[in-house]
Structure formats: structure tokens, C-alpha cells
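The listed protein sequences correspond, in order, to chains A and B.
Going by UniProt numbering, the first sequence opens with residue 1, and the numbers climb by one from there.
Going by UniProt numbering, the second sequence opens with residue 1, and the numbers climb by one from there.
Hint data in this document are derived by calculation from the structure and do not stem from the laboratory.
Please read these numbers as outputs of a predicted model, since none were measured by experiment.
Careful, some of the hints might be misleading.
One-sided and incomplete, this derived list gives chain B residues near chain A with beta-carbon spacing under 7 Å [stated by the list, open to error]: (1) V13; (2) L63; (3) Y80; (4) S84; (5) P93; (6) F107; (7) Q109; (8) N111; (9) H115; (10) A125; (11) L127; (12) R128; (13) M177.
With beta-carbon atoms standing in for the labels, derived distance ranges [claimed, not checked]: (14) B:P243 to A:R210: 28 to 36 Å; (15) B:R95 to A:L71: 52 to 60 Å; (16) A:G75 to B:G19: 54 to 62 Å; (17) B:R92 to A:S111: 24 to 32 Å; (18) B:R160 to A:G175: 58 to 66 Å; (19) B:R160 to A:W132: 19 to 27 Å; (20) A:R211 to B:F24: 37 to 45 Å; (21) A:G76 to B:S49: 55 to 63 Å; (22) B:S94 to A:Y74: 44 to 52 Å; (23) A:W48 to B:R82: 51 to 59 Å; (24) A:I41 to B:G261: 47 to 55 Å; (25) B:G25 to A:C191: 40 to 48 Å.
Cβ atoms here follow ideal geometry from the backbone N, Cα and C, with glycine treated the same way.
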Amino acid sequence: MDFSVLTDHAGEIGSGFLVTIWTWVGGVLAGVIAGLIMAVIQLSAGPWVRGVLRCYIEVIRATPFLVQLFLLYYGGPSLGLSLSPMAAGLIGLGIYGSVYFAEIFRTGFTSIPRGQQEAAAMLGMTPWQIIWRVQIPQMLVLILPALVNFTTILGKETPVLSIITVPELTFVLTGVGAETFAYVETLLALCVGYFLLAELCSRLGQWLERRASRYLTQGVQQRRALKPRESAA
Amino acid sequence: MNQSAAKRGAGDVMLEARGMSKRFGDHTVLQDINLSIQRSEVVCLIGPSGSGKSTLLRSLAFLENYDDGEVFVEGELLGYDRASDGRRVRSRPSRLSDVRRNMGMVFQQFNLWPHLSVLENVMEALLRVRGMKRDDAHRLALATLEKVGLAEKAGAWPNRLSGGQQQRVAIARSLAMSPAIMLFDEPTSALDPELVGEVLQVMRQLAEEGMTMVVVTHEMGFAARVADRVLFLDQGHIVEQGPPTRLFRHPQSPRLAQFLGNYLERNSLFEAAPALNRVDD
């Protein structure tokens, strides 16, 4: 095996790596924001809006990401929606991720006892204040593992963007492989690249979890039977 | 038995229900409730479980939306607005908050926020709702905690406190917003019996200071000692109401007589003294 192909194309590979990170972070951010909004709507809107949203979530969850991406990128123009590969990729990842994030947030919201909202409402807090100040700080600790887990999964969906020619890591390395016939070397490099990213994500998640449980809550910790309680300061 | 005559500003109607009804599906929980609560009046709601007393209290705060009739808080319609065509529509959250701005509520399960310290629990609404400066909110929160005897627990986490202490924090949290009316939904029902007294003591102090209070309770001793008026509910109706002396000593309706009989029988099982004197200590 000759890994010099990698050093020969280090510049391209580096930029592919950056594009992967960018699409990943962008997709997660878009998904988290959209997912949070969808979860809030699901819990507060009337039955009609809820029903429509429910259908949307089911459809997105039940169809492959690749098909959604094709529809967005190749089908978009016939609906007057012409997107660059990058834009289509980010929007696609955002849409795909949002429904999973929405479900995670929804479980989070429902895990906080309703009485706490009622107490806040009786003190005059607005619905948004209740979400930000009462519900989210508590539920973050509970749902952080699920959030980190799905963030890792979403990262491993980014190679799909190579099919619509987004110049991310898989696109670059498979290109180099085809050019130089060094398939094994480039594919191994790909594995290493994604492994590093996933590892980084999970480390970051563990760090966040420690921070969150130390600073955000005492009470939620006790409800979370899985984790031994850290000694409280 | 009580101090109603001495209380300041008696006479204003603080809270009023007119022909209020509430249904859960086919089941009517509250039927044609008419109720008027004066400033500084202490009203206790008693009745068997499932009689609708908690639902009535929650409807008076619009935590349950009543179906028919009206509820007025200091003369303002609660929970609904009149549309231009005369139909009523549910108020927006901001309007609802505005109408119940002078109303505080204390819950059976305390409902403290476990991710905030005791002090932060009390400060939160002062900062976010009243828009107070941090220093001012801090000072007021501490002073209010002092009032319920828990200033030294300001830095503690709610879950480290006993139930009685948690409920007193919840009272302080509500009290800090200087409400004119306070609603208590079975405030001592989730407490160990020996912790009930400290909470009732705080409530009694509030009553003596002239707070308008509506209290759903099973503590007949408290109702007897502190209430100006007791309402007995059964199956969604106010069956009987009046001053506690009359209601407890001379119940008119057989249902109330039976209810009180059961209560006395249960509570005098191991006690020589009548249960009604329980809060006297």
C-alpha cells in the first residue's frame, strides 16, 4: 500500500475535511433549531397543526435520506427551487435531522412535570420564558445523550452529499482513489477521518454532559437513575 | 374565631364565579358554581375526593378552562375575551397573565424548579416578570424567605429540603410577587403529618395579615380556626357554606354531616382531644 497519495493530495483532502465539518455542524444546527420549533408547536398547537406536523415527521422518518436529497436537488428546479449542491445538502441534512431532533426534544419536554409550568405561568412568566428558563435547562441534562448520539449519526450521513457533488471528504477521497487507483488507501483514510470526527463529537458530548449535570441541575440528576449522583458542592 | 371584622378594606369583591360549569368529556365536574370572595376573606373548600374542589380552585386560576359561566378577578373576566360578535374567545397568554397578575398559587406538589436554588426560585419571576434589578430581587427574595423562616436555606437546592420547607419556599416564591389573592391547592396533602404544622402556621400568619385566601384542604382544624367561610362541595355542587362554627357544629345537609362524621371518627381514633383543635399548638 502506498499512502503517499494522501500526502500528495493533502490540500484537497484538508479542504474536504473542512467541508464535511461545515456541513455537519450546519446540518446539526439547522436540525436542532427546526426540531426545537417543531417540538414546541407539537406540544402547544391545536389538533390540526399537530396532525399535519405528525404526518410530516412520519414521512421524513420513513423515507431514505438519499431519496430526500435527490428530490430536493434534482426535483427542486421543476418546482422553481434551484439550489447549489452545498445549499441543497445543508437544507437536506437540516430537514432530515430536524424530525429526529424534534422527537428527542418532545420527549424532553414531556419529562418535566407539568406542575412546574403551571407554577411559572401563575407567576406571570410567558410561554417562551417557561420554555427557556424552566423546561430546557432541566431537559437538556436528560436528553443530552440522545442529542449527542443522533449528532454522531447525522455526521455519518454527510457522505451522502458527495452524490450531489458537494466537495466534502468522501467526494474528494473517492475522487482521488479513482484517479490514482489507490482505492484501499483512500477508503481507509475515509474511515479514519470519520472515526476521528465521531470520536471528537462523543468526547465533546461527554464533556458537555459532565458540565450540564454539575451546573444545571441537582434535582434532575436524582431522577436519572442511570447515573450515579456526583457529590454536590 | 376569626378576625374578619378587624381586617382592612373588607368589602371589595376580589374573586367571583358566576354560573361556572366545567366538564371533562361527558362528565360534569362543576355545576353552576356561584361564589364571591371579598378582600381579606379566607375561604376553605372542603369535600370528599372527587367532589371537584381542586378543579374549582384551578378553574378560578384558569389552569382549567371552565366551559360555561364566568370568573372575574377584581372585576376582570378571566381566561376569555369578548369578540366583536359577542362570542367569547380564549385570551392570549399575555392577557391571561395580566388578569391574574395579583393572584398567587401554591400547589400540592410544591412545583419548585429543581435546577434553581431556593433563592433563585424566589428571584426568578421578580427578575423576568417584574423586571427588577438583581440586587433588589435578591433583597426582596431574602426578606420573603425570612418571612417563612427559611432565609438560612437560601443557597440550598430544593430537593435537599423537607417537604414542609419546600412548601414554605413555594409560598415565599408566590408571596414575593405581592399577590392580593392566594390560592392553595391542598398545600399539606403531600406532607408527612409532622411537617403539616409549619406550613399551616405560615398560612395562618398570612391570613392574620389580611391576605385574601382560597384554600382547598383536608385540614379541618385549619378550616375551623382560620377560615371566615367554609364551602362544602360534593359532586360538583356547593352543597353548603357558611362560617366554620355553624358548618362544623350544625351541618344542615345530611351529606356534610356524614362527611364530618367520617372525618371525626377517623381522627379521634387514637386521640382524646377532638380533631378540630389540632392547629392550636
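Q.
I'd like to know which numbered hints this structure contradicts. Please list them from smallest to largest.
A. Of the numbered hints, 1, 3, 4, 11, 14, 15, 23, 25 do not hold.
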